[in-house]
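Chain residues, written in single-letter form:
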Amino acid sequence: MTAGLTRAVPWQPVMTGDDAVAVAERGALGTSARVAVWPPRNLGAACAAVDEVLAALDRQASRFRADSELSRLHAAGGGLFMLSDGLAEAVGVALAAARWTGGLADPTVGDALISLGYDRDFAAIDPDGAPPGAAAPAPGWQTVRLDGVLLRLPPGLRLDLGATAKGMGSDRAVRAVMAAAGYQGGVLVSLGGDIAVAGTSPRDGWPVTVAEEPDQAGSPRAQLVRLAGGGVATSSVGTRRWRRGATMVHHIVDPRTGQPADGPWRTVTAAAATCADANAATTAAIVAGARAQEWLTAAGLPARLTGHDGQVRCLGGWPAAAGGRVPVPSGCHVYAGARPPGGGR
Amino acid sequence: MDTSSRGGLRHVRRMSNWTAATLIVGTGAAAAALAHQASHPTPVPAAAGGTAATAGTAAVPAGASTPGGAGPQVTHSVAATTASGVTVTTTTRTVNGKAIVTRVRHAPVTADN
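Just so you know, the protein sequences line up as chains H and Z, in that order.
Per my numbering, the first sequence starts with residue 1, numbered consecutively.
Per my numbering, the second sequence starts with residue 1001, numbered consecutively.
It is possible that some hints are incorrect.
As the list claims (entries may be wrong) - Some, not all, of what chain Z presents toward chain H, calculated at C-beta under 8 Å:
1) 1069
2) 1070
3) 1071
4) 1072
5) 1073
6) 1076
7) 1077
8) 1078
9) 1083
Claimed, not checked - Beyond 10 Å from chain Z on every Cβ pair, some chain H residues (computed):
10) 71
11) 145
12) 320
The hints are simulated quantities; they were obtained by calculation from the structure and are not laboratory data.
Because the structure is a prediction, the values reported are computed rather than measured.
For every residue, glycine included, the Cβ atom is placed at its ideal position computed from N, Cα and C.
Work the whole structure out from these sequences, hints included.
The structure is reproduced here in structure tokens:
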């Protein structure tokens, strides 16, 4: 997430070739945000609703702006904090994701990412920095306590909510858009390729391209699928890479080692009941490495995995053919396990 | 009791049985519907008093989409699920009546992929 989002970048219209939906895009959170709505007249209200969600999320959970709520917690060096509702939800979702994934997607990797050089917005990282320091396992999500809005953070521990925050942001955004639209029509929101949908989907679902990088959307390696509900997310070690000494590093850290995950899968896409679930699952699968298929199958999630050799593997009913519909699991893990304010626990 | 009274009682008893059966079936259906809802949890509802934008958990039919939706026919891809490697901005401008779409990557490309 990046600074300056309180000054929203203007939305640009995107022509897709279909007049029945309206699509717009803008830079956000160090990547791009995209909104698609029907009926098209809802686009203005939808963009305004997404702007509010993005600005709030950036103020709450950005590691890269000194005035964010999360940065202020880190600056305090640990202790007991009373969080805003929004940050409490974000931390709760991250901890629930860690519990669900058995610690594969762990928010306590913040220090490991910083020691690798990911201490600022990605666009500002020195691409040829000094070699990283000695790696150490992450402290572990069990060391963080969240009770309603009360957070106890061990001294010196820094959180990174990257495995869930964008997915959660997409989930928040589609709910906000539906509220702004009076629950009429349908919406799709993508934050950096993590997509949530809500409302009534187009016939056969929203057409979505699965690609490893944004500019590969039209390549033969990309796949068109249809999403009628829930969310879909993609994690990859092929992007957000930079050099430290003689080593290329990337942003998906294995909490067990504190080093970049080093498994056989380059990119994983998964669908789930919510985008935050999908977001956590794809990170977990990359970290799980050789056990990714086993973990995804046990979780019951449709997924598409691309190996370093370019081979693609589809699991859990993920359509093998172009244009196929992605089945959406009904169970939600990261919100059900979160401890939201007023949740009564 | 005369014949017409007995017939009337039988009619009332029959109607009563039908009413009871209808209630049993209705209660069963309601219980099944509730059980179905309980087995399909949705994201947690909003914190009391929080706004949709800041709390991000508005108590709405969440991410629930209509499966196989009754919306319009849409044939072209509207978004891509990809790794969030870089900021990509799409600019659309009209030249001689034709839409020109430009995509710009903002982050430094350091990947060897």
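Of all the hints numbered above, which does this structure not satisfy? Sort the numbers upward. Those not satisfied: there are none.
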